[in-house]
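For the record, the sequence lines run as chains A and B. In terms of numbering that gives the first Met the number 0, the first sequence opens at residue 0 and continues consecutively. In terms of numbering that gives the first Met the number 0, the second sequence opens at residue 0 and continues consecutively.
In short, the hints are calculated from the structure, not lab data. What you are looking at is a predicted structure, and each value in this text was computed from that prediction instead of being measured.
What the simulated footprint calls covered on chain A by chain B, stretch by stretch (three residues with Cβ under 8 Å from a Cβ of chain B suffice, anywhere in the stretch; the number is not a length): (1) 133-144; (2) 247-254; (3) 278-288; (4) 328-336.
Where is the CB? At the ideal position from N, CA and C, for every residue including glycine.
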Amino acid sequence: MLGKSLGQSSSHPLTRPRGLFSALHIDPILLTLLLLLIGGGLVVLYSGADQNIEVVKAQGVRMVVALVVMIVFAQLDPAVFKRWAPWLYLAGVAGLVAVLLFGVGAKGAQRWLAIPGLPRFQPSELMKLVVPMMTAWYLSRHFLPPRLSSVAVSLGIVLLPMAMIILQPDLGTSLLVGTAGLFVVFFAGMSWRLIGTFVGMLSVAAPLMWFFAMRDYQKQRVLTLLDPQSDPLGAGWNIIQSKTAIGSGGIDGKGWLQGTQSHLEFLPESHTDFIVAVLAEEFGFIGMLALITLYLLIILRCLYIAATAQDSFSRLLAGALTMTFFTYIFVNVGMVSGLLPVVGVPLPLVSYGGTSSVTLMAAFGVLMSIHTHRRMISA
Amino acid sequence: MPWGEFKDIAAERRLFQRRTTVVVFIVLLMLGLLVARMYQLQVVEHDIYTTLSDKNRVQVQSVAPPRGLVYDRNDELLAENRPVFGVTLVPERVDGMDETLSKLGTVLDISDEDLERFQRRLQEPRRPFQPIPLRYDLNEQEIASLAVHRHELPGVEVSAELVRYYPHSELTAHALGFVGRINRDELQRIDPVNYAGTHYIGKSGIERFYESMLHGRVGYQHVETNARGRTLRVLERQNPVPGENIQLHLDLRLQRLAHELLDGRRGAIIAVEPKTGGLLALASVPGFDANQLVTGISVKDYRGLSEDLDKPLFNRALRGQYPPGSTLKPMLAIAALDSGVTTREKAIWDPGYFQLREGGRRYRNWKRTGHGWVNLMDAMAQSTDTYFYQMGVEMGIDTMHEYLSAFGFGEDATLDVSGALSGLLPSRDWKQAVHNEPWYPGDSVNLGIGQGFMLATPLQLATATSLIANRGHWVEPRLLRDIKGDRSVEEFLPPSDHDPLILKNPDDWEFVVDSMAEVMHGTKGTARGAARGAPYRMAGKTGTAQVFSLAEDEEYEEEDVRERLRDHALFVGFAPVDDPQIAVAIIVENGGSGSGTAAPVGRALFDAWLLGFPEEGKALVTGTTAEGAE
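Could you put together the complete structure from these sequences and hints?
Shown next as structure tokens:
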């Protein structure tokens, strides 16, 4: 498999760098790929933020912080995560309750918890890590594949925080938290028949959700996806403009800083959620191929780490975190290119914004920890 | 660790690896889907989105052509363009229309009318991001205070445009007409493409008549704009074709003199160059400041103008229809001679009145004691009504109608004078149709002295007078003299369509001209006072038109009649007699007598034109007129 060949050099026991990185609990391949992504991301951000170097500097600082967080997480033994998982989960749920009761935020959504003396933080963001940890901890207590009752409990573990995050409301984060938890269940070996049953139930539930659960603005986003021209200056504007930006980029793009859609302010959110449209406009199809290839390499490396992990908890956690990362990519690019409704999901490690970057890098720290804390007996 | 458990661990690992393989396929499939989507947008549909992107950023803006300038015959500027600053709002960019308007109200002086008009335009259908004007003609202080507050007022912009300006405002308002904002009816009429950047259109006068020539051809520029519609740079520009600059026959000095001569009264003066038909002066007093009407006048000010008893908006020279009175006598003399009703020698006895039959109604001569024996020459010089009463009856309506038509009465004979009225030349059919009565001989008696049903405009009187000055050669009155560009006047000026008036004895022209000279220079001439001491010979005819009819034999004193019921004073004439350079028609409303009030005005105009304008000194005489003076 591709992942194995990538892992070849890192698993070679005699190279010096491996010894150094090993001591630091860093996976050099994953680190290289991430640095490439972050560096490229800053270049695109400079253009997306309309050449405002301050934005790039601020993002650079955040990325340094995120890298430090990653290194810190990499030092912790996976056993620590396993031991702490139930307590972190309880603390996270308590945090979500607190957010619903006295959270702060903007635009009608309460997402932040402001505890005096601590920096403001989003408990929901933390749950992207904690939910897969908790689910993996729960399922790895028994032999796999899990029994039906275990699957049911796992689903409960996933759905409780998901529901609380939807109430904030924050559909994007809830989706990512849910994905993380459900992939744990999937990796654990939930039977295909059961998966089929759930998919069948979901397709029945979807219309019911439309009528009973979805808010008007969410319905509007779906309707807009189906026919952006119905409201070209309102809800359809974002989709029309981002598709125009992407399409007008062509094969080799308009050139860095030459994108008319973003620089003339037609493209909304050009340095945050819609930054991929800037890349597509300025670097074209070739640029997009490069980006997707880079993401694919990161995913494959992470899946390789998951596959070579030594215990089920690590495997399930590594696999789920990888798939969360993939979900970010697919939802964001799908949304910007008009395949999916507009959901507030950033392009991982490229979009401007600190919170999600830190969480993502923490997840990569966990993956590195899993990879570098293997005991030699397994080989 | 028991063996079985180890085996299960191996099974768990295999299970996980199988699941991972599935996941890798899912990931490849879905990323492949994203790549396919990008391929679709960026390669397959690239052209569509390139067009959309260009349409987004590139806008076509129209560039209004500068309106052609108007000069007088001496290249004095009569109508120019000046930049005017206004405030416009783009509703899409304004946050909170009501707040913005109230905030603007503290910075600028915005009247309720401005607001009302703005709100009305806001309701009308329009393109998105199209600015709506709120107020025009900001002064420098207002522009400055707007600039200071601009950051608090998104969507509010100061616009500059070239707007018509008439430097001689009141002097030329009636001669040139004026431009104004395009209204809804005009919008239906004009070519929307050519007027895409234009907000003004000729409303009257030559501004209206030569609209297409003065307007020019619209230009375009392709500009790059951002999402908020702000222009960033010009990509391509097709310059507009400016309107043609034109020169009129009008002489600003004569126009000014005409206004000064009528100052404080109501009246009109038309001066024509007989050779060309060019209008040298076209004055209607009082005038108004046409600049007020260009950018939009307030309802109050407009009401002030339109309800003024002196009617400053009314163009008396073109649209004032007056009984011509005795000024019609030279034309009737031509008619009487050529139709054979009278001869140069034929004399009649004037007892001071005329009766159709013994004991019937007495039509009074202006001189109650009568002029005694008078021939045509005497009757012209002294303006003997009795003689012309008889001529009128003897000619009859049909003959008079035929000849007066040939002089241009009863029609608008002008070539490019917009809005001229045709007066009223009565006929047998007309009376039957309008009054449902036959034409009575008494009607002919009245028409014989230019009274009764007959109405003529000052411009028609001037036209008929130049026909006499030209001895029957027709030249229609016109304003356009030259076009400053490559194009010729003939391209725009409608063709002449009048045949010359040929008399059976062409010498009759000279006789009538002599009789008009007798009015001015003869010992009994009614206007001899006005012509006294002139170094050239002039021809003229005075007239006094009754504003209301007096009952037979009723005595009245001028002083008893309220000022506005006094007679209109009229004068027509031309000079010099042998080589006419200028023909005039003058009416002074309620001016009293033609000889006392109107004839001196004519003399002043002749002197200025032939001898030089007062302020220039007698020696200074301009080109064409110098020859005539000698």
